[in-house]
Amino acid sequence: MTMTAALVACCGVAVAGGPNNGPDVICGELTDTLHYGPLTVNGEVIHAFSVGTTSCNAGNQPANWIDGTPNHPVISQTIWRYDGNRMTQVGIGFVKHSFAALQNNACGFGCSNNGSFSALGSGCSDPYGASLNGSHTDLGPRSEVNAFTGFFTYPYTSQNQSGNAIFKRIQVRDSDIDTNDSYFVEGAYVIKDDVPFGNQFNNVSWRPMAHHATRVLNTTGSTTREQPVIYAWQLEDPSVTITEVNVPGEGRFVVASKAVDLGGGTWRYEYGVYNQNSHRSAASFSVPASGTSNHGFHDVNYHDSVDANIDGTDWTATEGAGSLTFSTDTEAINPNANAIRWGTMYNFWFDSNSAPTTGDAEIGLFRAGSPASVLASVVMPEASTACEADLTGDGILDIFDVFAYLDYFNGGHPAADIDGNGTLDIFDVFAFLDLFNAGCP
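Per this note's numbering, residue 302 is the first one in the sequence shown, and the count goes up by one each step.
In case anyone wonders, no lab produced these hints; they're calculated from the structure.
Any given hint might turn out to be false.
[To be verified] Restraint ranges, calculated between C-beta atoms of paired labels, are given here:
| no. | residue 1 | residue 2 | range |
| --- | --- | --- | --- |
| 1 | 401 | 450 | 30 to 36 Å |
| 2 | 517 | 731 | 58 to 64 Å |
| 3 | 545 | 726 | 27 to 33 Å |
| 4 | 406 | 618 | 46 to 52 Å |
| 5 | 731 | 684 | 18 to 24 Å |
| 6 | 720 | 481 | 24 to 30 Å |
| 7 | 722 | 409 | 43 to 49 Å |
| 8 | 722 | 368 | 46 to 52 Å |
| 9 | 711 | 462 | 52 to 58 Å |
| 10 | 708 | 595 | 23 to 29 Å |
| 11 | 632 | 438 | 29 to 35 Å |
| 12 | 609 | 438 | 15 to 21 Å |
We put the beta carbon where it would ideally sit given N, CA and C, even for glycine.
Work out the full structure: start from the sequences and follow the hints.
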């Protein structure tokens, strides 16, 4: 925690060259916190939290903040944990639907008072404390929000509904709170007014949290503006590589990767795939690797109302044709599949006897469109001399490897994409046959 607190002391990335064109709502500050519960659910002790956020308009035009209409921002708050090796997302809740804007100057941009609660003026700020952001009646499902376009279902499901102490709020398992670990909160504003001006990529900020023996988490240090919390992993561990990947004409993913020398010629490869605002989301993650072991996966725990319909089944790990692929169903197969949806990060890890190098991992997209996948530069194992066409892993090339490939191909599995272009076609079949005919080294 002390390392991060020191490094973020110079926070704030605001309008150094003047306001951006159009409205540009950012999360200017993460402020107070409230703790609710805990309650025991299905034998698991669950704590709930809410965190105050202050929006700032870094643009030169007002942003709509109209209550009772779909013309207002929604506010996301999530909680994250760093255990000395891996950063994971441990807390998620519903989004806060905003309803009125004050005209303050918390970010120091110079507020052009709009004179109305229905719009946030250029340079102005609007505070929502933890109590407001945790109010049941204004919390709506994340799954009804398109974070890239800023549009959401309105009226939203569960509007004006209340429940128990943890209902719809940021929920964190008691087992995920450890006084030896570091914690962070991320806040994001999603607003459609930003989108026509291309201002929807700087709406995310983060801040460290302090924890107590009572399992309560409070904000500490300073807010780092206009940056996803995944960058805190790199601050805590400089060996982490961070790569931003934009889906053409759509949203952004941020990928963290690193290699850990376990000794004896074995390396642990760690990945975090964060979806900042891609509505297309992610359904697979492939790393060129073979002969891997000890595959691991971590996701988030959706809860309540329609968000609870998201299938929490862990992704499967499949090795074949020179790649290790973690995957879930695409939207065409299961619209509620456990995709990497906006504002979330999923972790993947495995062991390999190959030393690290750099190369491209492939993110397969959940919703249909073009392209079907995007590439991210990551730390990955060096190319292995293993037999890539030996899909059954028995050390022998035979008809069963051909059957295994055809199963992958007919099932639309990313492991069948031999040429790595994101499309399954006859050229992948030819590429597999080339590998097969080349034999094993």
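Structure versus earlier hints - violations, ascending order: Hints 1, 6, 9 contradicted; others consistent.
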